[in-house]
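There are 2 protein chains.
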Amino acid sequence: MSQAKTLDKPVPPGGVIGIIGGGQLGRMLALAAARLGLKAAIYNDENHAPAFQVTPLQIAAPYDDRAMLTGFAEICDAITFEFENLPSDAIAHLASLKPVRPGRRALETTQDRFTEKSFAQALGLKTAPFAAVSSASEAEAAFARLGGPAILKTRRLGYDGKGQVKVANGADAAAAFTQLRSAPSILEGFVDFAFEASVVAARGADGSFAAYDPPENIHENHILRRSIVPGRLSKAQGEEAKAIARKIADALDYVGVLAVELFVTRDGGLIVNEIAPRVHNSGHWTIEACACSQFEQHVRAVAGWPLGDPARHADAVMENIIGAEAHAWESLARTGALHLYGKREARLGRKMGHMTQLKPLTK
Amino acid sequence: MSQAKTLDKPVPPGGVIGIIGGGQLGRMLALAAARLGLKAAIYNDENHAPAFQVTPLQIAAPYDDRAMLTGFAEICDAITFEFENLPSDAIAHLASLKPVRPGRRALETTQDRFTEKSFAQALGLKTAPFAAVSSASEAEAAFARLGGPAILKTRRLGYDGKGQVKVANGADAAAAFTQLRSAPSILEGFVDFAFEASVVAARGADGSFAAYDPPENIHENHILRRSIVPGRLSKAQGEEAKAIARKIADALDYVGVLAVELFVTRDGGLIVNEIAPRVHNSGHWTIEACACSQFEQHVRAVAGWPLGDPARHADAVMENIIGAEAHAWESLARTGALHLYGKREARLGRKMGHMTQLKPLTK
Chain A
1 MSQAKTLDKP VPPGGVIGII GGGQLGRMLA LAAARLGLKA AIYNDENHAP
51 AFQVTPLQIA APYDDRAMLT GFAEICDAIT FEFENLPSDA IAHLASLKPV
101 RPGRRALETT QDRFTEKSFA QALGLKTAPF AAVSSASEAE AAFARLGGPA
151 ILKTRRLGYD GKGQVKVANG ADAAAAFTQL RSAPSILEGF VDFAFEASVV
201 AARGADGSFA AYDPPENIHE NHILRRSIVP GRLSKAQGEE AKAIARKIAD
251 ALDYVGVLAV ELFVTRDGGL IVNEIAPRVH NSGHWTIEAC ACSQFEQHVR
301 AVAGWPLGDP ARHADAVMEN IIGAEAHAWE SLARTGALHL YGKREARLGR
351 KMGHMTQLKP LTK
Chain B
1001 MSQAKTLDKP VPPGGVIGII GGGQLGRMLA LAAARLGLKA AIYNDENHAP
1051 AFQVTPLQIA APYDDRAMLT GFAEICDAIT FEFENLPSDA IAHLASLKPV
1101 RPGRRALETT QDRFTEKSFA QALGLKTAPF AAVSSASEAE AAFARLGGPA
1151 ILKTRRLGYD GKGQVKVANG ADAAAAFTQL RSAPSILEGF VDFAFEASVV
1201 AARGADGSFA AYDPPENIHE NHILRRSIVP GRLSKAQGEE AKAIARKIAD
1251 ALDYVGVLAV ELFVTRDGGL IVNEIAPRVH NSGHWTIEAC ACSQFEQHVR
1301 AVAGWPLGDP ARHADAVMEN IIGAEAHAWE SLARTGALHL YGKREARLGR
1351 KMGHMTQLKP LTK
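Sequences listed follow chains A and B, in order. Residue 349 in the working numbering is what sits at position 349 of the first sequence, and the numbering runs on without skipping anything. Residue 1159 in the working numbering is what sits at position 159 of the second sequence, and the numbering runs on without skipping anything.
Only chain A is shown next, with the shape it has when bound in the complex:
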């Protein structure tokens, strides 16, 4: 296999940042690139994509189309992703042509829930108890070992609660495996957490590191409802969360923004739930509350620029606008900083936009 390309010097203003994936994250990355005088090129597997509305440089083609990926790489100075599920072959191909950030190792580690949790454990971080499951009988045996209730998840490609089933006993676990089409899976024990949180942080190619204050996150129906910063995390927990993000980023030799979803247990412990090798919904409040948003921060890291200041100059509450809630855009426009993603249909459970309310800085 050919050597992965690296970036010898920063991408200068006027250069092109390639973004794989044209959803709202790609769109907000493209808008952040534009602020810095960088051009954004978007590659998306469907013709209509929110990010296609904000740059003329765009390719709509399947994610495994080698010729199209080659042409895309041709026009880019550096390449990144708005999602972690690109086929491994495609990543390797792009990386042989242009610098890809974050790199293949980060993507492959986080694409698979079992690999991801094993990686976190190896770093000495706490996770839910878990076991790999590749047959119905393994599912039953894993349940017997971990105890219940538990949750069976496909190892790959799940998001927003998709690809997961709650199980109460061994027979449930076996049935859930079949329900998930016998895909390689992972059984996770439930964590009795007090609340959820996340930490969004960036690492530069030079090893520099910048973490945003960790928000508390409220989920509804497996979808992020709102992020509150500062939430219920103590100052010490906030620092611990940032240290966890740094440990993960360093171990992956990570370049770019990553997010670590955490459970905060009743005794105050922090348990790593998921690692997202990209900008994250729980970091959207940084657009208004920080001098450098998570989107600009990611573009800076990918382009080899110095990281920006992650300091928060205000408290913030970010609320997602989901499905039909977007129909109320006119009244939403009266009540805070409104972001809409340019999606045509307000389907059930679809993230259509978000609102951020700023409040005076408290801590």
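Don't read these hints as lab results, they were simulated from the structure. None of these values were measured; they are calculated from a predicted model. Glycine included, every Cβ here is placed at the ideal spot set by N, Cα and C. Among the hints, erroneous ones may be present.
Taking lysine-lysine and the DSSO-like style, the derived pairs with C-alpha atoms no more than 30 Å apart in a straight line are [said to hold, decoys possible]:
hint, chain 1, residue 1, chain 2, residue 2
1, A, Lys235, A, Lys363
2, A, Lys9, A, Lys247
3, A, Lys5, A, Lys247
4, A, Lys247, A, Lys162
5, B, Lys1162, B, Lys1126
6, B, Lys1247, B, Lys1162
7, A, Lys235, B, Lys1359
8, A, Lys359, B, Lys1363
9, A, Lys126, A, Lys9
10, A, Lys351, A, Lys162
11, A, Lys235, A, Lys98
12, A, Lys359, B, Lys1162
13, A, Lys363, B, Lys1359
14, B, Lys1009, A, Lys351
15, B, Lys1005, B, Lys1162
16, A, Lys363, A, Lys126
17, A, Lys363, B, Lys1363
18, A, Lys126, A, Lys5
19, B, Lys1005, B, Lys1126
20, A, Lys98, A, Lys247
21, A, Lys9, B, Lys1162
22, B, Lys1098, B, Lys1005
23, B, Lys1247, B, Lys1235
24, A, Lys359, B, Lys1351
Which stretches of chain A does chain B cover? Using the computed rule of at least three CB atoms under 8 Å from a CB of chain B, they are [unchecked claim]:
hint, stretch
25, 7-15
26, 51-61
27, 174-187
28, 261-268
29, 332-339
Given the structure of chain A, go ahead and fit chain B onto it with the hints provided.
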């Protein structure tokens, strides 16, 4: 002549805001439209334009090309401008096809320095002493009447100090008229001001009004160097500046953002220098320091949305990045909120970007 189109209901998310002019103001308007889920279409008379980098909807054609203007209007739900010097015929043509905001009256009043100053005086606002000049002998006579020193400016098409000559006596004034190619001109008496300021404000189609806190502006070589908010204006002067903007906006039945450049005299009076019927360089700090920036505010007004909150949540200093200063982008990226406009050549006196520093709110 056909009737100007009006907007019966707000342009919904997914609608298209047409922007005439593809410079940095058009670019930042397009980025603001994207935040709100609106698409931006750009019409520019040159092939390379900063705003062409941030939307696929773009036409490069002369500003008087009727067929192209017609096609552009076809794809737009409402149309606005990043500059005030579009030919009157073109404005009337666009207005016969789609709602144009601000309207023809605002543009025609402010396109001509004599009309603009006469309009301000008729509203009871203070201006520098002035006289229309259409021949060398009129220039000399006007100088004799106003006294010196004075400044001869073309009535139309000047910006950043272009199209103006300082004159010390009547012979100078006559020579200056010839130097300005005998274009219809205006002689303006000098104002002995303490400092310069501006007020950026918005008016909605429903008559609603929202003004930003007025910055103090520092010019160098006729180009804005920096805007400071709050500057040396007192609270009372700030309120007076906002009242001036409101008087002007109401009188023009204005829709959108406008800026009024002011001289603050040593005795504390406010003198109207220029009216810009558009977003303005001295309002760039609102991107970071306000929940709703001047760009979003203008898009909201043009699209018939409710105006956003102009409250300032921080003090700010905005500094332009001019010409070769842009070569220092890597060190500038370390020191504040950096905006670069995607211009290819860092020509002398060209605005390449700007930086905003936020500071804790003082007043």
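Here is how each hint holds up against the structure:
1. Proposed proximity of Lys235 of chain A and Lys363 of chain A is supported: the alpha carbons are some 9 Å apart, at most 30 Å.
2. Under the criterion of a C-alpha separation no larger than 30 Å, the hint pairing Lys9 of chain A with Lys247 of chain A is consistent with the structure, at around 26 Å.
3. With a C-alpha separation of about 25 Å, the suggested pair Lys5 of chain A and Lys247 of chain A falls inside the 30 Å cut-off, and the hint holds.
4. With a C-alpha separation of about 28 Å, the suggested pair Lys247 of chain A and Lys162 of chain A falls inside the 30 Å cut-off, and the hint holds.
5. For the hint pairing Lys1162 of chain B with Lys1126 of chain B, the CA-to-CA distance comes to about 24 Å; that is within 30 Å, so the pair holds.
6. Of the supplied pair hints, the one linking Lys1247 of chain B and Lys1162 of chain B holds, its CA atoms being roughly 28 Å apart against a limit of 30 Å.
7. Simply put, Lys235 of chain A and Lys1359 of chain B have alpha-carbon atoms about 24 Å apart, close enough for the 30 Å limit, and the pair holds.
8. For a cut-off of 30 Å, the pair hint linking Lys359 of chain A to Lys1363 of chain B stands: about 17 Å separates their Cα positions.
9. At roughly 37 Å between alpha-carbon atoms, Lys126 of chain A and Lys9 of chain A are farther apart than 30 Å, so this suggested pair is violated.
10. Among the hinted pairs, Lys351 of chain A with Lys162 of chain A is consistent with the structure: their alpha-carbon atoms are about 14 Å apart, no more than 30 Å.
11. Note on Lys235 of chain A and Lys98 of chain A: the hinted pairing is violated, with a Cα-Cα distance of about 40 Å set against a maximum of 30 Å.
12. Simply put, Lys359 of chain A and Lys1162 of chain B have alpha-carbon atoms about 44 Å apart, too far for the 30 Å limit, and the pair is violated.
13. Between Lys363 of chain A and Lys1359 of chain B the CA atoms are separated by roughly 17 Å; this keeps the pair inside 30 Å, and the hint holds.
14. In summary, the hint linking Lys1009 of chain B to Lys351 of chain A is supported, as the alpha carbons are separated by about 25 Å, within the 30 Å threshold.
15. For the hint pairing Lys1005 of chain B with Lys1162 of chain B, the CA-to-CA distance comes to about 34 Å; that exceeds 30 Å, so the pair is violated.
16. For a cut-off of 30 Å, the pair hint linking Lys363 of chain A to Lys126 of chain A stands: about 27 Å separates their Cα positions.
17. With a C-alpha separation of about 21 Å, the suggested pair Lys363 of chain A and Lys1363 of chain B falls inside the 30 Å cut-off, and the hint holds.
18. Under the criterion of a C-alpha separation no larger than 30 Å, the hint pairing Lys126 of chain A with Lys5 of chain A is inconsistent with the structure, at around 34 Å.
19. Annotation: proposed proximity of Lys1005 of chain B to Lys1126 of chain B is violated, straight-line Cα distance about 34 Å (limit 30 Å).
20. Among the hinted pairs, Lys98 of chain A with Lys247 of chain A is consistent with the structure: their alpha-carbon atoms are about 27 Å apart, no more than 30 Å.
21. The suggested pairing of Lys9 of chain A with Lys1162 of chain B is violated, with an alpha-carbon distance near 39 Å, which exceeds 30 Å.
22. Our distance criterion of 30 Å between C-alpha atoms is met by Lys1098 of chain B and Lys1005 of chain B, whose separation comes to about 5 Å.
23. A distance of roughly 19 Å separates the Cα atoms of Lys1247 of chain B and Lys1235 of chain B; the hinted pair therefore holds under the 30 Å criterion.
24. Distance hint between Lys359 of chain A and Lys1351 of chain B is unfulfilled; the C-alpha atoms sit about 34 Å from each other, more than 30 Å.
25. Taking a C-beta to C-beta cut-off of 8 Å, the stretch 7-15 of chain A contributes 4 residues in contact with chain B, enough for the three needed, and the coverage statement holds.
26. Here the stretch 51-61 of chain A counts 6 residues with a CB under 8 Å from a CB of chain B, which clears the bar of 3, and the coverage holds.
27. Under a criterion of three residues with beta carbons nearer than 8 Å to beta carbons of chain B, the stated coverage of the stretch 174-187 of chain A fails, only 0 such residues being counted.
28. Under a criterion of three residues with beta carbons nearer than 8 Å to beta carbons of chain B, the stated coverage of the stretch 261-268 of chain A fails, only 0 such residues being counted.
29. Residues of the stretch 332-339 of chain A lying with their CB closer than 8 Å to a CB of chain B number 6, which satisfies the three-residue condition for coverage.
Of the numbered hints given earlier, the model fails hints 9, 11, 12, 15, 18, 19, 21, 24, 27, 28; all others are met.
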